[in-house]
Structure formats: C-alpha cells, structure tokens
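Trainee: Sequence:
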Amino acid sequence: MPRQFITPAREESVSTVSESRSSLYIGGGLLLFCGFAAWRTALVKAQSTNTVAGPSFLPWIMIGLISVLSVALIVRSLKHRNDKAGVSMPDRKLLLRMGMFTILLVAYAAAFMPLGYLPSTLITFCIGLYLVGERRPVALIAFPVLTTGIIYLGFTNFLKVWLP
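In this text, residue positions in the sequence shown follow this note's numbering: the first is 175, and each later residue adds one.
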C-alpha cells in the first residue's frame, strides 16, 4: 500500500490563479511601486554629510534591487506562461490580517517623525508580531527590543545617520 502524505487543510486557500499570471501581476505591481518610490525619493532634499549614506542612499539601493527582481519575475512569468501550476488565493480572514498590517505600516509611517524611531518602531514591531500570530510574551517584547536596538545602533554609530 503506497504511503500517502496528508497535507493540512489551508484555511486561507479558496481559489487559485495561474502561477505565471500571478507572477506577472506581482512583478508589474512592484515595478509601479518602484516608480512611485523613485519619484518620492527624488524629492528628498540632499544634505551635506560626512558619509555616503545620505537620506536617499538606502531607498535608491532598494528601488534598484526590487526593480531588477521585478523584471526577473516578469521574464519568468512570460517564459512559463503555458504552465498550469496554480497559486492559492487568500480567504477573507487572511485578507483582513493583510489589510490590518497595511494600516499598521501606514500608521508607523505617520508616527515615525512625531514619536521618533524607537517608540514608533517598537510599538509597530510588537503589534505586527501579534498580527502574524506570535503570542509568546518573550518573543513579543524581547525580539523587537533587541532588533530595534541593533538597527538603531547600526544607523547612529556605524553609518552616522541621525534617526528621529
């Protein structure tokens, strides 16, 4: 008797879309996002600093990398457009969590300057972990504090970039 592998039912999958079409949409959406991000980054005022890492340094690196990977995704999609593999689409519960996470990130962007890096990032990090299902108190507190602290020290001490 052949051994059967039982896969757990995924609560978030209700319908499917072809993998190549999904990759095409995602790649195109990411390229549009890169265009928007490039437009906004070009509006950042240059400041004279003693470091290479000015206020637009990291955004331009990320825009370039995401653009290259988006084009690769689109090329892969066009190359494999006849494949019949499908991608599961999320259900309402997962879409709701994704929407809440998006709202959280918009609130983080709005709170960043008024509250400063440390409090806004810690609050956002903790809420974000909770939204993705983390419930252990140590992980909800220690991981964000440690990660946020390391990033803060990296920017302020090594890159000499001021954070609010």
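The set of hints was computed from the structure by calculation and includes no laboratory data. There's no promise every hint is true.
Per label pair, the in silico range of CB-to-CB distance [as the list claims (entries may be wrong)]: (1) 333 to 261: 34 to 42 Å; (2) 315 to 220: 36 to 44 Å; (3) 242 to 199: 12 to 20 Å; (4) 317 to 284: 22 to 30 Å; (5) 232 to 190: 17 to 25 Å; (6) 203 to 262: 14 to 22 Å; (7) 250 to 190: 17 to 25 Å; (8) 310 to 271: 17 to 25 Å; (9) 217 to 311: 37 to 45 Å; (10) 265 to 308: 18 to 26 Å; (11) 220 to 308: 34 to 42 Å; (12) 218 to 308: 31 to 39 Å; (13) 329 to 190: 41 to 49 Å.
From the three backbone atoms N, C-alpha and C, an ideal C-beta is built for every residue, glycine too.
Trainee: Taking the hints in turn, state whether each one holds.
Mentor: Taking the hints in turn, this is what the structure says about them:
1. 333 to 261: 34 to 42 Å: Holds - the Cβ-Cβ distance for residue 333 and residue 261, about 38 Å, lies within 34 to 42 Å.
2. 315 to 220: 36 to 44 Å: holds, 38 Å
3. 242 to 199: 12 to 20 Å: holds, 18 Å
4. 317 to 284: 22 to 30 Å: Since residue 317 and residue 284 have Cβ atoms about 24 Å apart, the given range 22 to 30 Å holds.
5. 232 to 190: 17 to 25 Å: Given range 17 to 25 Å: violated, Cβ gap about 37 Å.
6. 203 to 262: 14 to 22 Å: The hint (14 to 22 Å, Cβ to Cβ) holds, given that residue 203 and residue 262 are roughly 18 Å apart.
7. 250 to 190: 17 to 25 Å: Once the Cβ atoms are compared, 18 Å apart, the range 17 to 25 Å for residue 190 and residue 250 holds.
8. 310 to 271: 17 to 25 Å: Given a distance of about 18 Å, which is inside 17 to 25 Å, the answer is holds.
9. 217 to 311: 37 to 45 Å: At roughly 42 Å between Cβ atoms, residue 311 and residue 217 fall inside 37 to 45 Å, so the hint holds.
10. 265 to 308: 18 to 26 Å: For residue 308 against residue 265, whose Cβ atoms are near 21 Å apart, the range 18 to 26 Å holds.
11. 220 to 308: 34 to 42 Å: holds, 39 Å
12. 218 to 308: 31 to 39 Å: holds, 34 Å
13. 329 to 190: 41 to 49 Å: holds, 42 Å
Hint check: a violation occurs at hint 5 only; the rest are consistent with the structure.
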